[in-house]
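**Student:** Spelled out, the chains give:
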Amino acid sequence: MTNKSFHQARWNEPIILEQGSPGERGIIPPAPEPAVKEQVGALENLLPAEMQRTTPPRLPELSQMQVLRHFLRLSQETLGADLCIDIGLGTCTMKYSPKIHEQFVRSPQMAALHPYQDENTVQGMLKVMYELEQFLKEISGMDRFSLQPAGGTQAIYTNAAIVRAYHHSRGEGEQRDEVITTILSHPGNAGAASTAGFKVLTLMPGDDGLPDIETLKAIVSQRTAALLITNPEDTGIFNPRIKEFVDIVHEVGGLCVYDQANLNGLLGISRAREAGFDLCHYNLHKTFSSPHGCQGPGAGALGATEKLARFLPVPTVEFDGEKHWLNYDSPESIGKVRKFYGVPAVMLRAYAYILSLGAEGLQAVAELSILNNNYLVKKLLEIEGLTLPLAPGKNRLDQARFSWQKLQAETGVGTDDINRRIVDYGLQSYFTSHHPRIIPEPFTPEPPETYSKADIDKYVEILRQVAREAYEDPELVRTAPHRSTITKIDTEPLVEMDKFACTWRAFKKKR
Amino acid sequence: MTKRTYPYMPGSVPAAKQALLRELGIDSVEVLLKDIPDDLRFPGKMKLPPPLLEEYELKRHVQAVLAGNANCQEYISFLGAGCYQHYVPAVCDEVNSRAEFLTAYCGETYSDHGKMQAIFEYCSLMAELLDLDVVSYTLYDGGQAAASALRMATRITGGTRVLVPATMHPEVLSQLQDYCRPVAQVVPVQTDADSGRLNLEDLQAKLTPGTAAVFVENPTYLGAIETDVREIATLVHSQQALFVVSADPSSLGLLESPANYGADIVVGDIQPLGMHMQYGGGCGGFIATRDEPEFINQYPTYLYGITTTQREGEYGWARALNYRTSHEGREKANEYFGTESGLWAITAAVYLSLMGPQGLRELGETIVYRSNYARQVFSALPGVEARFTGPIFKEFVLNFDACGRSVASINKALLEYGIFGGKDLSQDFPHLGQSALFCVTEVITQADIQRLACALQEILAGERGNGND
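Line by line, the protein sequences give chains A and B. Mind the numbering: the first sequence is residues 1 to 511 in our numbering, read in order. Mind the numbering: the second sequence is residues 512 to 980 in our numbering, read in order.
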């Protein structure tokens, strides 16, 4: 059951810059017609000599099949979510992305659209964007959405920029310089707030696993610009007092921003509106299913209540009953965070996804992801050495943060060792947690609704097997991987500046 | 809960769901929701359209919606302005639709070795193109890359002003203004009315101590090639500021890399390197610098380092110097970052490998020949004038003031010919009058150019499309 005979592909594929030979080529671009060349004259007359490149770039010269074979081999050495039980990447919501969506986004009706085409010629895409906004309004209870942020963290940043603009508009821009977040919220909340110019205050969890409300009461003030908070946090524990948090911050004049990257377990069950938030955002590529593309392109949809809608990035998409159009007339808008309109392909997939499920289907997503997760928690806790700290026994929604601390104390094998070893059984390496690791030796799985009980059982069985190995033969785990593409790496060049190289030419110079 | 079986959800089969409930010793999911108080429970049911459960039904519906678009394969498009219709080699599509790359995410060294190598090769190929040793993983878009580069410059120099061309890409300018607000003032520098290039006198006047960076686009937003770049670099460096250049990577097989005329940070958008336009979604930013700690320490995004392994002759890759990033440093990081545009990095690596030095040079030549040809042909039409006269790469500005027609009305008339005319500049740059930015890439043939010329001739002569503005 644990697939002991698995072996990841291993092609020993050389670096592409070391391949090929002079004169080979992978493609021939269109050439100018002779009459065109004749009319405009020699290139020297069109381009000043000092602007022309004198040394050609040292790109490899390869014929087409060589290029294709190289990258296909590299693809085979990559374990995409379509190929494995990818429930280890908690907070990422690695659900199945329907293949029909790829046909939509790759068709010329989507792929060959230019962002500045006449609005009358893109009514289809504008309708998608407009209707997706209506769906998201219903799902969140918010009044307006911007689909422009090109990822979840850019949406967090956009939230922070809107918070800044709002207080500035009320003459409190200087005074409101603090943002409160929690240590278990995505670090993008802290990072984006400080990028937007705020001082960041961080709440720690209490014994119940929830951010400490007494600390919040103590630190809010007339300087509070906003609370940026995830619920459930990456622990999967829903904060039942979230509305109290919101009230406390509103009372001093601050805004409340709901990071809903972990929305999957709340669809149709609980919304930003009822919890009293002013702003929220979704990672469309997570909850609403887009393939994650080796870290993008994703998309972040940002929801706002009426009082903040005027600060949303331009343009918004409007509909006058007959025609969809792009509205740039928004004098208090923060402007742009991304060129054009964001990432429409991800919007199109989210649109198709919501259409294919409807209200009941989305609620089924939430309920089944919660059910899957609670089943996973139950089974994982049977494994020796694995615990669920922070409010043990409390319900989790769509994910949970475990700890291998006990296993490490008893065997010397920690979470990073296990993470390398599971790769030997055909699993994607898992997400431990963001820094700082306030739960020791962390491990954060999230089994979305697209996995079956059998998948979960198999996943648990592999972890059980690896934990057993840790007790019986810890060296086997510590020296893993053994059946991956490569062996354990040397970490020095990753932490020491003088050994660091992120390109082949830099590496060759430093070697 | 519903009795429906959803194809994406194995647990929606009633027996499967029952099995899970039984394992948990509960009879309903409600038990697991007990921590969500009633006042936070969504009352009622979301008002969404009835589900399109059959894949065929969904396909019919979405295709019908998308049929409301006219695309740039059906129309001849002269639109550019930051999003370009280049030919996308079939191999680029083949590789970026492979499920292994398409559905991978943030897995690392051991499960995703091939992805890590492909990312490293992307950085390495870009490094050769840019003649610089350090290249970041992809950012959201070229605008984000420019904005981050300027903030890098403020951290390196301690300066609080950044100078940018007054006629730069308006959307990128908007991004810069928002992003730099907490740390620097964005000051526009005038551009010359005749050449469209940066006005060096105005630059000199505004280049004061406390300037962190001078930013130029090359080619400029309006298509001109900035030719005084070495002089600009000298001016910038004389004030201890950094020279940040946004370059079009599709030009660099033919044009000199900014690194070789004094740029300290080179940024841009890789959309031209094998990405479909996707209604503007195909963008991805890059940042590149010299291999010096004072620069490397200021990168906000992932950098993937190469390293050796326990097996002789084997390489591995992993995230490096992570203290710089918000994922490790939270609010103490340089800037925020997140999921950006990784798949495009791999696609660009395929593109650069296919093109090689020869292909990229030929691409640049074709673009220069055809765009210059188009400018000559169009500006010979009565009432049409090329706004700037210097060297161009793939875009140029035409002015229609003399023919008494607005760009909007001309573009509207061109739709009847199956043509998307140039980007209307009259709103963003009123001082240019009725002008439009035309883009000619390698996919626009001589015949396409002639077709637009004929259409313009007819429209301007009042033979067709003589509508009111």
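One thing to keep in mind: the hints can contain errors.
Taking lysine-lysine pairs in the DSS-like style, the calculated list, with each CA pair at most 27 angstroms apart, reads [stated by the list, open to error]:
1) K4/A x K307/A
2) K378/A x K545/B
3) K545/B x K99/A
4) K406/A x K323/A
5) K243/A x K556/B
Sample of chain B residues facing chain A (criterion: CB under 7 angstroms; computed from the structure) [said to hold, decoys possible]:
6) D549
7) Y567
8) V602
9) T745
10) L746
11) Q750
12) P868
It should be emphasised that the hints constitute simulated quantities derived from the structure, not laboratory data. Every residue gets a Cβ at the ideal spot worked out from N, C-alpha and C, and that includes glycine.
**Student:** So, for every hint listed, does it hold in this structure?
**Tutor:** Hint check results:
A C-alpha spacing of about 58 angstroms is found between K4/A and K307/A, which places the hinted pair above 27 angstroms, so the restraint is violated. The suggested pairing of K378/A with K545/B holds, with an alpha-carbon distance near 18 angstroms, which does not exceed 27 angstroms. Under the criterion of a C-alpha separation no larger than 27 angstroms, the hint pairing K545/B with K99/A is inconsistent with the structure, at around 36 angstroms. Between the alpha carbons of K406/A and K323/A the distance comes to roughly 62 angstroms, so the proposed pair goes past 27 angstroms and is violated.
Proposed proximity of K243/A and K556/B is supported: the alpha carbons are some 21 angstroms apart, at most 27 angstroms. Hint status for D549/B relative to chain A: violated, with the closest Cβ pair at about 10 angstroms, above 7 angstroms. Given hint, Y567/B at the interface with chain A, is violated; its Cβ is 9 angstroms from that chain's nearest Cβ, farther than 7 angstroms. Hint status for V602/B relative to chain A: holds, with the closest Cβ pair at about 5 angstroms, below 7 angstroms.
The restraint placing T745/B at the interface with chain A is violated, with a minimum CB-CB distance near 14 angstroms, outside the 7 angstroms limit. Checking L746/B against chain A: minimum C-beta separation of about 17 angstroms lies over 7 angstroms; hint violated. With a least beta-carbon distance of about 23 angstroms to chain A, the hint placing Q750/B at the interface is violated under the 7 angstroms criterion. Below 7 angstroms, beta-carbon pairs count as interface contacts, and P868/B has one with chain A at about 4 angstroms; its hint therefore holds.
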